[in-house]
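> Working from the sequences, and respecting the hints, build out all of it.
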Amino acid sequence: MPCRFKYRHRLGAYLDGELNPQESEAIAKHLADCATCSAALEEIRRLVPALLTLDAPPLPSGLAVRILAEARRRTALGTPERISVSPGFWPPHRWLQDLSVPMRVAACAVVLLAFVLGLTMGREVSLFGSPRGIAPIEESLDGFEWFSPTPPLSLGSAYLTMASASRDIEEVPQ
Amino acid sequence: MSDAPGSDELLMLAVGKGDLRAFEEIIRRHQAWAWKIAYRFLGNREDAEDVVQDAFLRLLAASSRYRPIASFKTYFYRIITHLCLDRAKKKQSVSVETIPDSPDLRPGVVEEMMRRETAVAVRAALDALPPTQRMAVVLKYYEGLDYDGIASALQTTPKAVERLLARARERLRAILGAAAINSSPL
Numbered sequence: 008m009p010c011r012f013k014y015r016h017r018l019g020a021y022l023d024g025e026l027n028p029q030e031s032e033a034i035a036k037h038l039a040d041c042a043t044c045s046a047a048l049e050e051i052r053r054l055v056p057a058l059l060t061l062d063a064p065p066l067p068s069g070l071a072v073r074i075l076a077e078a079r080r081r082t083a084l085g086t087p088e089r090i091s092v093s094p095g096f097w098p099p100h101r102w103l104q105d106l107s108v109p110m111r112v113a114a115c116a117v118v119l120l121a122f123v124l125g126l127t128m129g130r131e132v133s134l135f136g137s138p139r140g141i142a143p144i145e146e147s148l149d150g151f152e153w154f155s156p157t158p159p160l161s162l163g164s165a166y167l168t169m170a171s172a173s174r175d176i177e178e179v180p181q
Numbered sequence: 046m047s048d049a050p051g052s053d054e055l056l057m058l059a060v061g062k063g064d065l066r067a068f069e070e071i072i073r074r075h076q077a078w079a080w081k082i083a084y085r086f087l088g089n090r091e092d093a094e095d096v097v098q099d100a101f102l103r104l105l106a107a108s109s110r111y112r113p114i115a116s117f118k119t120y121f122y123r124i125i126t127h128l129c130l131d132r133a134k135k136k137q138s139v140s141v142e143t144i145p146d147s148p149d150l151r152p153g154v155v156e157e158m159m160r161r162e163t164a165v166a167v168r169a170a171l172d173a174l175p176p177t178q179r180m181a182v183v184l185k186y187y188e189g190l191d192y193d194g195i196a197s198a199l200q201t202t203p204k205a206v207e208r209l210l211a212r213a214r215e216r217l218r219a220i221l222g223a224a225a226i227n228s229s230p231l
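First to last, the sequence lines map onto chains X and U. Residue 8 is where the first sequence starts when you use my numbering, and the numbers rise one by one after that. Residue 46 is where the second sequence starts when you use my numbering, and the numbers rise one by one after that.
The hints are simulated quantities; they were obtained by calculation from the structure and are not laboratory data. Treat the hints loosely; a few may be bogus.
Stated by the list, open to error - Calculated lysine-lysine pairs in the DSS-like style (CA-CA distance at most 27 Å, straight line):
#: 1; chain 1: U; residue 1: Lys204; chain 2: X; residue 2: Lys36
#: 2; chain 1: U; residue 1: Lys81; chain 2: U; residue 2: Lys135
#: 3; chain 1: U; residue 1: Lys62; chain 2: U; residue 2: Lys118
#: 4; chain 1: U; residue 1: Lys204; chain 2: U; residue 2: Lys81
#: 5; chain 1: X; residue 1: Lys13; chain 2: U; residue 2: Lys204
#: 6; chain 1: U; residue 1: Lys118; chain 2: U; residue 2: Lys135
Dropping the structure here:
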């Protein structure tokens, strides 16, 4: 008659030493009185040496060399995108790949914003795109020069001065 | 994890910075056990070699994201087991390599022949197991991992590992039969 002991299905875990002390003690007590469970435990125990007859062949010779050669080939090709050949080398997109998705979106938004601002401000500081646009801007920014797109002593201001001077020279009647 | 000089974890951090010599050292240290797991699980040299190579290359590709929060071995067990299970899914029938017999009449040859026969039967029995049960058996009996370690490699719970092993043992006993089990050396 099969044993209905509640831990019967846990005999393997008992043998593996994976049960808590209370469970182990309950099983040990039961095993002392139950021949069926003792036989089942013995069968599990005997399975181990049978399994261990299965050897693995020796490591294939040159396996490490082949792996390294493939690693070097892929590194040279840049296949694993995240690998650098030397510690100083930093692939151009790596910083973006290391960011989380929201941060990537934010980074793209910043780049886009900078691009749009650059276009707008570029038009404002351009002498040739809008020849009449400079004077009104200068007037409207009277007293707020440092908030102007071309604040005093800035590169933009120097560029405007230089461009104005060269245009004045060109406009002098021959 | 260990932060001792020369530890696997520190080597991996170096690999992440592009140090291929650190990668070579990682291969040297871990190729043997990786090979044994792959071979015992797949039962085929060619597949096992492919899996081991793939595992190390994946390790290299993921090295820049490696964070030493767990031991390196736990991390690598996951890669190896995942690749083995993936290979088993793609390749339903596993080709069993037989161990070549050579006639030998020296003392002990009968025992050796019996051991080989048991090994062939064990190979066939392992191949008859569902892949996850087979991997649990490989990690338990050949790698000596405890249930927590197996659960971590298979990304499951220790309770699920206990059930996997219980079912696997039952099936192995049924397939192998008392003869094979009892004839194996103790």
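> Which numbered hints are broken by the structure, listed smallest first?
none
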